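Engineer: For reference, the chains in residue letters:
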Amino acid sequence: MSRLTKAAAVAAAATLSLLASACTGQSTSGANDDASKDVTINFWHGWSAPNELKAINDNVARFEKLHPNIHVKVQGNITDDKINQALRAGGGKAPDVVSSFTTDNVGQFCSSGALADLAPFLAASHIDPATTFPKTMQEYTRYDGVQCTLPLLGDAYGLYYNKKEFAAAGIAAPPRTMSELKADAVKLTKSTGDSYSQLGFMPDFHGYESTPTHFAAQWGVKWFDADGGSQTAKDPGFTEMFQWQQSMVKALGGFSKLERYRNTFGDEFGAKNPLQTGQVAMGIDGEWRLGMAADAGVTDLGVAPFPVPDDQAGTYGKGYVTGTIVGIANTSTKKNAAWELVKFMTTDTDAVVSFANAIHNVPSTLAALKSPELDQDPGFRTFIDIAQNPDSTTTPPSVNGGAYQVTMQDFGYAYESGRAKDLASGLKGVDAQVDKDIAQAR
Amino acid sequence: MSAVHPVLRARRRKEALRNLAFLSPWIIGFAVFFVYPLLSTVYFSFMHYNGFNPPTWTGGRNWSYVFTQYPLFWPALRNTLWLVVVTVTLRVVFGLGIGLLITKIRTGAGLFRTAFYLPYLAPPVAATMAFVFLLNPGTGPVNHLLGGIGLPTPGWFTDPHWSKPALTTLALWGIGDLMVIFMAALLDVPKEQYEAAELDGAGRWARFRYVTLPNISPIVMFAVVTGVIQTMQYYTQPLVAGKVASGVIGNSGQQFEPGYPDKSTLTLPQLVYNLGFQRFDYGSACVVALVLFVLAMVFTALLMRRRSGFLTAED
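Which chain is which? The protein sequence lines are S and G, in order.
Under my numbering, the first sequence has 199 at position 199, and the numbering climbs by one with no breaks.
Under my numbering, the second sequence has 1119 at position 119, and the numbering climbs by one with no breaks.
Please keep in mind that the hints were generated in silico from the structure rather than gathered at the bench.
It is possible that some hints are incorrect.
Quick list of in silico lysine-lysine cross-link-like pairs, DSS-like style, CA-CA up to 25 angstroms [as the list claims (entries may be wrong)]:
id	chain 1	residue 1	chain 2	residue 2
1	G	K1164	S	K82
2	S	K234	S	K222
3	S	K135	S	K164
4	S	K272	G	K1243
5	S	K257	G	K1243
6	G	K1104	S	K257
7	S	K54	S	K343
8	S	K82	S	K257
9	S	K54	S	K73
10	S	K65	S	K82
11	S	K65	S	K343
12	S	K187	S	K257
Only a predicted model underlies this, so the values are computations on that prediction, with no experimental measurement involved.
The shape of chain G in the complex, shown without the other chains (with noise of 0.2 angstroms):
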């Protein structure tokens, strides 16, 4: 085997160097905005901390008070999976099938387009506040209509069980990010491979599941990914709504209990707010992110697994 040339190699190193420049800006944000923190976390994971101190090494105290005795972890842990997996499915199906129902409106579709929008413009807080309001069993409008037409009345927010499913429809009133997705990609279905569906005889059904689902696959993996990390990141609407809907809101000096009712809004998030920045204890708020980001890792690698045997080489 021949040695490289001189030149060629002073070519290609020139060529490694040049491209490693136009890289530069990423790799810089990469290693302080993921490398750095996660790194910073791991270490922190394994010290006692808080904040003001020198950090002192505690080995794997951190970890196992987080996981045999801080009693709230488990509940956030519960109560997050549960919404990844229901709030996530429901969201992607509500929004698809809010965006199929757009796309076929022939008069008003642009009133019926802002009317689904509208809402997800909305900021957490305030809609978050307006629900526990509507949702209030006690006077809100939702009950007495329900009251009205002799329904049952939830307890909604005020309800171990009522909660999450409240914080569902919450996550679903604004879905008009996914909608706006859906539609552009059902719009971009080739027209004509439904008229050939057609030709061949195939229903509404067939047509949605022969046609269409195949062309937006990258889509739906597209919302379910985002939908996964989002609701991992699920922080302001379940805080908001148990403070409000428990009574202790503003600055009162009053103790708030996380999670209210019963520890059924409490995520891993909050958490991770609860331990490092109120109780001072920046080691075990670190064993949760690092939970956190272990669980979003796996359920994307997963669903990217999935994504690459249902998806065509096209996609």
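The following block holds chain S by itself, in its conformation from the complex (with noise of 0.2 angstroms):
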């Protein structure tokens, strides 16, 4: 071997030995630090219309109050691209306390060890989940018995409707059942030529909260088998949810018909959302739409259930609920600290109801939701009872995040659009592809 490859076979050694050592940055999973003394700890979140940062900041304030030795630095409009890379980063200005709205992520958070096990600390303050939390607020914040998050507020799905256009149509009630869903959005639709000027319902998968998975909440759906496996080509659900959203496309206008029209809509988190203009007369979406469409001075919608399938009416009141999940950075060195302020924002009853009450999302513990001083707006009552049912669903955690959700979509982009015909093939091919990735995660 001559000089040359030695030393180049030396280099590339010792660059691998590197390599290996330094990119396996493995953090701590244990909490040393003393939360009685002075410190500081980073908290990272989302929201960031200005009525909702003052209300984190108000409930941060009360937090500093009560904890005069915890100062609390507080960043809002976080992504979670954001969190994920702050996240393996690490050090002083990464995130101690982190909160996200996809509750999407939690599998990897909890699998990676990304975010740290809260059942010490949860132990060691006396707080049982399973008497705090509801019930699919605890499924969406843990995964494979890691309780890595927890619920700060959740989001529960229920349907928006113009109870000035219904008046005009003659139509009495907002619809019970899928049929009934139907017939009101065919009376409540105006063509004008190739468009509309108004349309009852928007059913395309890109009509903003209208996607596959909120629907098939509706059917009541399992995505996973007993061994993990994906089933949506198994549960009867996800195809009677495909086949009413083809009718529904259908009967109000055609696929290219409806898309166009799709393009003339405003921002959705903006004044121009289309149940706020009128553009659409119904549709699905979460209680945050009360205040925005408040704001937007917008005062004749009114608020149900969605609609559930013909054969399960007795279920009407369910809905798909979700919400923020809050949690602590495993590399943070200020574990304690970080938990009393995740203690705080997510089990004190004083702290949910306010700020519940302030940016118009469900409080997430059981006694904050019967609580007296939650917001008694007959609208927001509604959603509070459909994160109550007991029919009501959420999508469950995944190794991969949504990843299953995303597959689901494109096939759903597929078939509305005509691209995949053949349903029970599609619906196998997205089981198989959601099994491939999965296997490729772990």
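With the hints as a guide, dock the two chains, each given alone in a separate frame, to form the complex.
Structural biologist: Quick look at the structure:
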């Protein structure tokens, strides 16, 4: 071996060992900090609207008053991508406490160890999740036995409808079954040429909250079997949901016409949301729309639970439930102090209720859901009832996050546009792909 | 053969060390910012690694997953190649065309130069959002105009057949950088050569073919090579266009379908991000990054080979 070859081999070996050692930064899961000492913790969240920022800052101020030694540095408008990078990087500027709007990443957070297991903290504080949080919220905050997040306010999905348009069309009450929804949507649709002056309901899967996931919840679907395998082809709920969606698309004018109209919609979270402008007479949406509509001066939106399949009429009142989650970064060296903040925000009834009232979200503890201090507005109560309904469901955490939902959505887009024609084989394809992706992630 | 004199040897060693000292900033930069990341990428492409737990050896599993099981890889590869071929070609032709026109303009040249250069200064996110607004098939002014004069109104960023042409249009709108480079090159072509060609009876096309083009060929090659590399790294514009056009924007918690519509705006750099930073699958992300690297190397090598036969010794 020449001298140069030897040198190259040594350099390569050194580089690879360096990589192997330097790139395996494993975080500690212990919590040795003294939460009674003066400490500053970083808290990252995703809220950005002025009223939301005020609400979260007020909540943090209440916490700091109760814990004068713990100072909280709040960073708003944080996306999940930023959280992911920060959790990997760690360091002094990384967050100690993170919250996320999507429950989809919980499986990744828990299985990868990105967020600390909260079980020891809960036990030390004598908090039993089963008696503190609603069942669906417990489901979406843990994965494979690891409770690495807690619910920080929830979201429930229901039906919004334009009361004025309902009265004009002679419809006395919001629909309770999918057949009634279709009939009302057709009655409320006013076509002009190849477009609409008003659409009864937007069934397209890009129609903001009209996603396969939100619709499928009404059929009470189960995404995975007992062994963790995808079972969308086996669960008849998915097939029935797609068939219903296709019948809606056809009844309302066809996919191309609906898609053209969808492109005239304003920003979902702005004042020009189609429910608020009257472009659609009914829509599926979360409880936050109440506050947004009120802020935009829209007063004639009624709310009701989203309709259920005709053969499940007895379960009317249920809906899809999700929410914001909060956890402690495993890289944090101030976990005990961070836990004090998490405990306060997620289990202190006054804190949960006042925060829920301020940003029009569903409270996330059983005590807060029953609190007399909770906003008594009838519209808001509808969502509180949906969140507490025993038939309401959520999407299960998965080791690779929401990838399985994206796969289902992709198929949904292909099916609604006519690119995929065979529903049964399409759903089998979804299952095969989801299983492959999960195997790759393990 | 006589042995090298010790004094001479010492001088040579000293000279070599001095050269190395001068070269060391580049060598260190090359090692840290190129060799190390490249070796890391190769290493992690064979590992199961999520950024949190220690990496574990998986052999060729990531490679097999990306090539045979990950449904976004082949559409992303096709889109990236489409954009490289069509967008780079059109950008060079369009940039050269604008450069030629502007060098001929006698009055108001400054105004035209500014007008063509200004779009280049727009931040990519803002420019893309503006284009999605302008090309909105339902409310955008472009389709209103097209419809008004009886022309078909495409779906642009919402139609898989039109989304890549829409991205190309956006790239052509920001042609200012190439225009300036071509303009400088065109103004540098010796006037005597045009005069000589005219005396030989050469027409406009012959002057362009036999005088202009040979003189600016190094610049054309530069534009093509840098354009290929830039387009291989195309990330921001397709991502923003897809997000805005699909209605999934902001921090809503909704799952975003990369490449909207129908994976037509998906590029390989988006896959690297999607796999590595959203799915926590560093290993597969490294595989895609290596594919991208190899493709860029192959394209560049082919172009450089072509260049060696195309240019004169002076170039």
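Engineer: For which of the previously enumerated hints does the structure constitute a violation, in increasing order of number?
Structural biologist: 1, 3, 6, 8, 10
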